[in-house]
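Construct the entire structure; sequences and hints are all you get.
Number of protein chains: 4
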Amino acid sequence: MRARIPVAILGATGNVGQKFVLQLHNHPWFEILAVCASDNSAGKSYREAVTWRQPETLPAEVAELTVGACRLPIESCPIVFSALGSDIAGEIEKSFAQAAHWVFSNARNHRMDPDVPLLLTEVNPDHLAMLPFQRTNRQWPGAIVTNANCSTIALCLALGPIHRRFGLEKVHVVTLQAVSGAGYPGVPSLDILGNVIPNIPGEEAKLELETCKILGQLRADGRVRPAETVVSAQTTRVPVIDGHMACVSVSLAASATELNLLECWQQETPLPRELPTAPRLPVLLTHEQDRPQPRLDSWRGKGMASVVGRLRPCPVLDFKFVVLGHNTIRGAAGTSVLNAELALFQGLIER
Amino acid sequence: MRARIPVAILGATGNVGQKFVLQLHNHPWFEILAVCASDNSAGKSYREAVTWRQPETLPAEVAELTVGACRLPIESCPIVFSALGSDIAGEIEKSFAQAAHWVFSNARNHRMDPDVPLLLTEVNPDHLAMLPFQRTNRQWPGAIVTNANCSTIALCLALGPIHRRFGLEKVHVVTLQAVSGAGYPGVPSLDILGNVIPNIPGEEAKLELETCKILGQLRADGRVRPAETVVSAQTTRVPVIDGHMACVSVSLAASATELNLLECWQQETPLPRELPTAPRLPVLLTHEQDRPQPRLDSWRGKGMASVVGRLRPCPVLDFKFVVLGHNTIRGAAGTSVLNAELALFQGLIER
Amino acid sequence: MRARIPVAILGATGNVGQKFVLQLHNHPWFEILAVCASDNSAGKSYREAVTWRQPETLPAEVAELTVGACRLPIESCPIVFSALGSDIAGEIEKSFAQAAHWVFSNARNHRMDPDVPLLLTEVNPDHLAMLPFQRTNRQWPGAIVTNANCSTIALCLALGPIHRRFGLEKVHVVTLQAVSGAGYPGVPSLDILGNVIPNIPGEEAKLELETCKILGQLRADGRVRPAETVVSAQTTRVPVIDGHMACVSVSLAASATELNLLECWQQETPLPRELPTAPRLPVLLTHEQDRPQPRLDSWRGKGMASVVGRLRPCPVLDFKFVVLGHNTIRGAAGTSVLNAELALFQGLIER
Amino acid sequence: MRARIPVAILGATGNVGQKFVLQLHNHPWFEILAVCASDNSAGKSYREAVTWRQPETLPAEVAELTVGACRLPIESCPIVFSALGSDIAGEIEKSFAQAAHWVFSNARNHRMDPDVPLLLTEVNPDHLAMLPFQRTNRQWPGAIVTNANCSTIALCLALGPIHRRFGLEKVHVVTLQAVSGAGYPGVPSLDILGNVIPNIPGEEAKLELETCKILGQLRADGRVRPAETVVSAQTTRVPVIDGHMACVSVSLAASATELNLLECWQQETPLPRELPTAPRLPVLLTHEQDRPQPRLDSWRGKGMASVVGRLRPCPVLDFKFVVLGHNTIRGAAGTSVLNAELALFQGLIER
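Protein sequence lines correspond, in order, to chains A, B, C and D. Per this note's numbering, the very first residue in the first sequence carries number 1; after that it's consecutive. Per this note's numbering, the very first residue in the second sequence carries number 1; after that it's consecutive. Per this note's numbering, the very first residue in the third sequence carries number 1; after that it's consecutive. Per this note's numbering, the very first residue in the fourth sequence carries number 1; after that it's consecutive.
No incorrect hints appear here.
Because identical chains cannot be distinguished in the list, a pair is counted as satisfied if it fits within a single copy or across any two copies.
Keeping only pairs whose Cα atoms sit at most 25 Å apart, straight-line, the calculated SDA-like set for lysine to any residue is:
#1 302 x 63
#2 302 x 287
#3 302 x 51
#4 44 x 58
Derived by calculation from the structure, the hints in this document are not laboratory data.
Structural data, given as structure tokens:
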């Protein structure tokens, strides 16, 4: 067995950073060598610097790492995972790509850059082919690969196979999103206990734009032609810890039956079986009328699958259904890690 | 000042029954004379029989009433309010109408009967004109007037003025509904704490059907021609005590601007000012981007108005917005009482 | 009727500040003339500056006031209510007292100062007699009157009459406190949804110390000899919006029966009837075995009373019972306002 | 390796029954052969009969078992685990013991029977020696072994080693208990969302009595002399899914330091290492000031340990601390299974 590739986590002490630690600890291909955070934390052990809020135990080896600052140089880590906030992620990620790192980022800053892939591993793996263009354009020895917003990921895992086969004309989506999506401290309890907040600033635009980029077609010039799907999003925050739910209605370009859609969702992953964290089934179906539910179903497929239920005709569009995804696993750290696995498997990253 | 009309409450000990008590206590036109419940409770004082779960104090006069059974005869009460469960409401309500009572019911059993008005006071007050037909058809000295399902009421208060002016072609609605809508004991806490349940059995059909009857047109023969609006509903239960929220998208028959819609919603009530519990503005607008919220806004207009916010264009239909209503006040007891006020005001009920 | 006394609120935009607005709006003796907040807010209208999070509507007159800074001079307001954070309250409150204002403060900074009354209106109204000593000591034309920590207030309203009659030797108290006690943004939802936090920093010491000062005896020299009651406190945070609950066990110096304790709690307020916001019964009793409950009982007595239930023998001490109080009404703004009413009624404040 | 012993679960479809399924599935010593439930469920597959509400997947082998009734005969299962409700557990458990089954019961019916062990495996393993007396007394070829109430188990795991070494004179305990302790449907969401219920009927007496039996001494005649510890309990229900917390104050017969108590809790399990589900450390310590927390710490030690934190002096008794335990794992099914492991290991049960 070959040595594992050392990786760094930027923004390692936050909520998504902690999920990166859990996804990468004991990973067969990657090894956490550096955990980086704000200058306040730098110099402390990770155990001291972090307020660990996961039900899983903080892995002992990571706990003893000394936290570094989120700046160059970070030696010996060809791969860098970014859980940085969007206030600082833009420049820092660029500087790492310039310094020959492969940056897999959960931040929104570069998602819509025309030469940056917005990669959802099972849905648009071919978009990795944008990278040579990106590196040439920017004259970077490294590269940036982004993943979408958490709610978009859960949605697009379910939309991807349908769009590929039948073409999505319209998508109407109303989300009920968990508080962990807002990071920490995030949503004040006074605002959300026994309550719903009918807006998540910026989230609706992300769903509407990122979905079209993910479902879009890679052209010969390395640019993505966004899907022409019309997307309308309404986002809400609900008092749930983990698990974003979406109530989705779609209309299709080609005619399809409910059975056709179910077949789309029962397909095994198009990804190579060797990828360690790829779920065998990217979409899991529930058959009970009151599922999926965030508290019971978010962890299915180890938090890496979208769970779909209640498929039925929609009087206004063609079909409606419910999608659920784990927002900080598949919706954040998990997709970044899986994206890195694919890039490594394709030989893009020199070991 | 004339004497108040004595009224009875059927199902008076349940959650909606308790709201009837609060809406009718100190009412200027009505006086609670009889509180009726299951045979188990009959004979006890209301204080003993009820498990009072309202933050408001149980009114002392009602507390001392002796609970009766939900069956005839109930003397001296021309008006009967029904908070009965649908398992028994159908036959009991009929028997009271046959015995010359005016029954204002929150139960679903007779809502879709072709000669029973599904009355939403501000939206279709003219539907009260179905009653002479009903009484003739059924040879009843009394009558039955129903109100819609809680989520339908909140929705239709907002849709009514738009439909009247511009015509609604399509309505897509996703609800986030409070647990009080399921009565007591209702939703187990193990199911809903920190969770969402993406289905409320039967609720979606009610929203799709009842909306069209409410928005429908009364014909000369006393029947309602349902509106041809296509309605698609997706209902969810969220961990909120009171207040049903709906994320609504609509398309209109006539072209309209956002300003037009706002004008529709700013109209004062079309009801006579004399009705004691009619809100002056049936629709209240919020202007903050994160409102309306169930915990902060359900009680606006004393729980009798729908609160609307976040009006904006919908890429899939024409417009989208958020509606909130108090599900056990306006969505249940409050509409029944207001319906009775209108019937009394119109002289339909002999004092 | 005499003119109302103009008052200022320091820290008027926070959660407790908003409660001051509600307690003081339409107050028969006081009139809000100035609302003060951080320099960021100064110059804006209160409506713009505040994020109003109360179910009650923001009073229109207050909404139009221009927010001032929390510094001198504030003209024409003999009385100043302070909802300031403890990081800044100490010096600001002093400066106002020096400038001839009467400061009624909810902040903890001066509570344990030996010449500052820690006033719980019904329990130790005689402690107001400390003020002449304070003014002489400090050579202040004004004065500072503090109220206790929210959980201490709810507890001591119930303990006061027992201590007076039977003497409290030991008090063991475990609290279950609402999130509104932590202000805004306060407790992150990720920490408290579906969870309990078994510590509130600093709160246990406050309960143990402030209780003894409140129950203490005013000596001839204007100092308080603290009660010798041994108090042990354990504080927890629970996912409740408003209402602090305490599970209390006590042992008494003199022998007493359950009936004796109930008699203590059924006494009417010792305060003059003229005080506008004094509850007639400072302690309200519940008789159901599952009460008091924060969501159902916090607002009893308009949020100004402590609600006590489940009195029974304690195998370890003498008696145990449950106390509930509204933490931001009686536990904060309400006590400050009532303290000011008493000072005014006693003629201490020149109108 | 020897064959696994076939076992039956009575009450297998309820919440605790589902936990039994999870604890026993893939158990190295036991194999689920029979799942029994109400007559309504009998004849269905377990998958059909159960409403599975666990985040873990329903094990496929169990799903396919046909549900039986909770009555004799159940062939080939020397061991029977009972998750029956107390309304029916008493007689059914007796009948199984008479029919030569070993019954490990979570029901309260036989806990205080003088010849029935109330076994908390690490604390009073010697109480298993009551069984020969029980079998002689009752002339049963089988036997009944009970485990305590969920909150008592979490408490006594922490108290056991202290009592053994220093003697407990007084224990004052206030619990904050999760809704899963009330079974399903259990606590209505309308009662507990954003609320606390300051009573759990019957629970305080259980804590006060069962603690003394568990900590009691087995006499030569096979009876237990209860510990003379004075226990005072106050129980509350909080909106938490899993994990009972207790705020505990104790006074000791012998003098002890905080360090002494910590040493007691750091001891490894006194149980034989071979027992498959015995946690190596029955008490786990937290060092952060705001822990243990139900949502973060209940699953530590696979839900089989008590988590203890915040040890400090108590002004009223000697020490105070916080205990947390997983109420449906260690507090129910887990202790029953561990009790059975011990009995099997000691050779009491013939394979």
